[in-house]
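Assemble chain B onto chain A, guided by the hints.
Residues per chain, in single letters:
Number of protein chains: 2
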Amino acid sequence: MKIFKNNESMGAWSNAMHKAGETIALVPTMGYFHDGHLSLMKIGREAESRMAVSIFVNPAQFGANEDLDAYPMNIERDLELAENIGADAVFMPDKEEIYPNGYQSYVTLKYLPGHLCGISRPTHFRGVATVVTKLFNIIKPDTAVFGSKDYQQLQIIKQLNKDLNFGINIVGAPIVRETDGLAMSSRNAYLRPEERESALSLSRSLEKAKKMVASGTTKSSIVKEHIREYIEGFEHTEIDYISICDPETLDDMETIDKPALLAMAVQVGRARLIDNTILVNLNICPE
Amino acid sequence: MKIFKNNESMGAWSNAMHKAGETIALVPTMGYFHDGHLSLMKIGREAESRMAVSIFVNPAQFGANEDLDAYPMNIERDLELAENIGADAVFMPDKEEIYPNGYQSYVTLKYLPGHLCGISRPTHFRGVATVVTKLFNIIKPDTAVFGSKDYQQLQIIKQLNKDLNFGINIVGAPIVRETDGLAMSSRNAYLRPEERESALSLSRSLEKAKKMVASGTTKSSIVKEHIREYIEGFEHTEIDYISICDPETLDDMETIDKPALLAMAVQVGRARLIDNTILVNLNICPE
Chain A
1 MKIFKNNESM
11 GAWSNAMHKA
21 GETIALVPTM
31 GYFHDGHLSL
41 MKIGREAESR
51 MAVSIFVNPA
61 QFGANEDLDA
71 YPMNIERDLE
81 LAENIGADAV
91 FMPDKEEIYP
101 NGYQSYVTLK
111 YLPGHLCGIS
121 RPTHFRGVAT
131 VVTKLFNIIK
141 PDTAVFGSKD
151 YQQLQIIKQL
161 NKDLNFGINI
171 VGAPIVRETD
181 GLAMSSRNAY
191 LRPEERESAL
201 SLSRSLEKAK
211 KMVASGTTKS
221 SIVKEHIREY
231 IEGFEHTEID
241 YISICDPETL
251 DDMETIDKPA
261 LLAMAVQVGR
271 ARLIDNTILV
281 NLNICPE
Chain B
1001 MKIFKNNESM
1011 GAWSNAMHKA
1021 GETIALVPTM
1031 GYFHDGHLSL
1041 MKIGREAESR
1051 MAVSIFVNPA
1061 QFGANEDLDA
1071 YPMNIERDLE
1081 LAENIGADAV
1091 FMPDKEEIYP
1101 NGYQSYVTLK
1111 YLPGHLCGIS
1121 RPTHFRGVAT
1131 VVTKLFNIIK
1141 PDTAVFGSKD
1151 YQQLQIIKQL
1161 NKDLNFGINI
1171 VGAPIVRETD
1181 GLAMSSRNAY
1191 LRPEERESAL
1201 SLSRSLEKAK
1211 KMVASGTTKS
1221 SIVKEHIREY
1231 IEGFEHTEID
1241 YISICDPETL
1251 DDMETIDKPA
1261 LLAMAVQVGR
1271 ARLIDNTILV
1281 NLNICPE
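Residue numbers (this note's numbering), protein chains in the order written: chain A, 1 to 287; chain B, 1001 to 1287.
Since the hints were derived computationally from the structure, they do not count as laboratory data. Check each hint, because a few of them may be wrong.
To be verified - Pairwise CB distance ranges, derived in the manner of DEER restraints:
id, chain 1, residue 1, chain 2, residue 2, range
1, B, LYS1019, A, THR123, 37 to 43 Å
2, A, ASN65, B, LYS1019, 45 to 51 Å
3, A, THR123, B, ASP1252, 24 to 30 Å
4, B, LYS1005, A, THR217, 47 to 53 Å
5, A, GLU225, B, ASP1246, 55 to 61 Å
6, B, LYS1005, A, ARG270, 36 to 42 Å
7, A, ALA214, B, LEU1068, 50 to 56 Å
8, B, TYR1241, A, GLU225, 37 to 43 Å
9, A, LYS219, B, ARG1270, 42 to 48 Å
10, B, ARG1270, A, THR123, 36 to 42 Å
11, A, GLU66, B, TYR1241, 35 to 41 Å
For each residue, glycine too, the CB sits at the ideal point set by N, CA and C.
Okay, chain A solo, but in the shape it has when bound (with noise of 0.2 Å):
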């Protein structure tokens, strides 16, 4: 397996690879592996002959008072999982390689990060659309693979590849969960045992909508306001949104008569959570 730390030589390798007829899947990631990650380079190493995996935890994606100090980082265990998993390259630049002096060039999309996290989160997206623009264009991949977790960046991402005409194969993946229901992610090494249950109300809660609208309930008010009690049950929590919403353009919907997104924010103690899933009415929609 490859380490490249400059743009150069990881450049230099993609454009290898390309001349000798291989095609290349990239992870983008900002390390900090779970089996979340590792699904994802599954997915990429079966979906073309090369897999690169980038590892950069990009400032510009972080606000000024968000956790960019604290997020958790283990690169000697992440170049180990990246290598048994089958990865040829890791690209991992520092944020001078990738911010230099004088950087200004920025990517923004006018409606999809108007909702979701993007409210309380302004730049976030900014910050998203323009590292995975760059990380496109010097891996310059066949197919790039991301978590579902993070649907709204999932949906900006294919807005984005369609938008700029990077003809990218982009792959979504299915969450994946601890065998308790919480969804992977990195920041839940921020949660202290204590708050580990209250953890559970975001997952647990996606499975009563879900039950609630597959059982005929319409009205997303109601899905919205049943499940906002049962989180505020919980110690230690604070929601930032709970939102049912249209799966492409993330525009509210008032009632779910068709597939619609439930998608959430939840603080909880220091960790800021995410979760989601596709609501199905049965009797409107049949999947």
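Chain B alone, transformed into the frame defined by chain A:
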């Protein structure tokens, strides 16, 4: 010469060329070719083994009260000229191909557009950076050629290329002028006969400034005041800006103690004309 109207067929041509070991020069234009465009194409033809020319009047770079609908066109003549000069491909998409329904991704720069033309045309360079990003991704050129009349645009594209890691060789081509000194521009077509003399005030004032600085004037304000009066002495002229600034950052320079960019925009009748030159104080900065 191949003509492509959609992203996919254009991209397929580029991929086929690269696979065959060819390299591609791109000359992005808004059509209505004059000798300035042809000079870019000559440079492109020499720079790489294949040359593509794009013709697209980009709505995203026109403001609400600007001349988008009036912008001159002559596609048949353009195609003939491109073919004669040795273009291998012309890309001429329509607006819906470039900005389909639901389009929402834009590329912005933080500092460079806050100068010169960007002040009176606040969304112009966002439109330029966005369409150039798209053209780069669709056509994947090895070299791209831009004229230096649009000096700020050229600087922005160089920065964009560096910031977003396109890895393209960006070439700035010298300004091409009519025999009387008027910088060639598609917008010169707007000039009525009685405005033509006034249009010469731009290039003539550049010459005056060059002489003033070469012979020892170092205060920018004196140079600017002198040519402001000169240009205002012509009928039909309305100055947008006259700037003496750093050729890299475009930041204002009070003292011409190193090579400086003199750039100006002047409305002459219906035509908004721009021109620029580099001022060199021969005592301080010998060429």
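How the hints compare with the structure:
1. B/LYS1019 to A/THR123: 37 to 43 Å: Roughly 40 Å apart at Cβ, these two residues keep to the hinted range, so it holds.
2. A/ASN65 to B/LYS1019: 45 to 51 Å: holds, 49 Å
3. A/THR123 to B/ASP1252: 24 to 30 Å: holds, 29 Å
4. B/LYS1005 to A/THR217: 47 to 53 Å: holds, 49 Å
5. A/GLU225 to B/ASP1246: 55 to 61 Å: holds, 58 Å
6. B/LYS1005 to A/ARG270: 36 to 42 Å: violated, 54 Å
7. A/ALA214 to B/LEU1068: 50 to 56 Å: Holds, since A/ALA214 and B/LEU1068 (Cβ atoms, about 51 Å apart) stay within the stated range.
8. B/TYR1241 to A/GLU225: 37 to 43 Å: violated, 57 Å
9. A/LYS219 to B/ARG1270: 42 to 48 Å: violated, 57 Å
10. B/ARG1270 to A/THR123: 36 to 42 Å: holds, 40 Å
11. A/GLU66 to B/TYR1241: 35 to 41 Å: holds, 40 Å
When each numbered hint is compared with the structure, violations occur for hints 6, 8 and 9.
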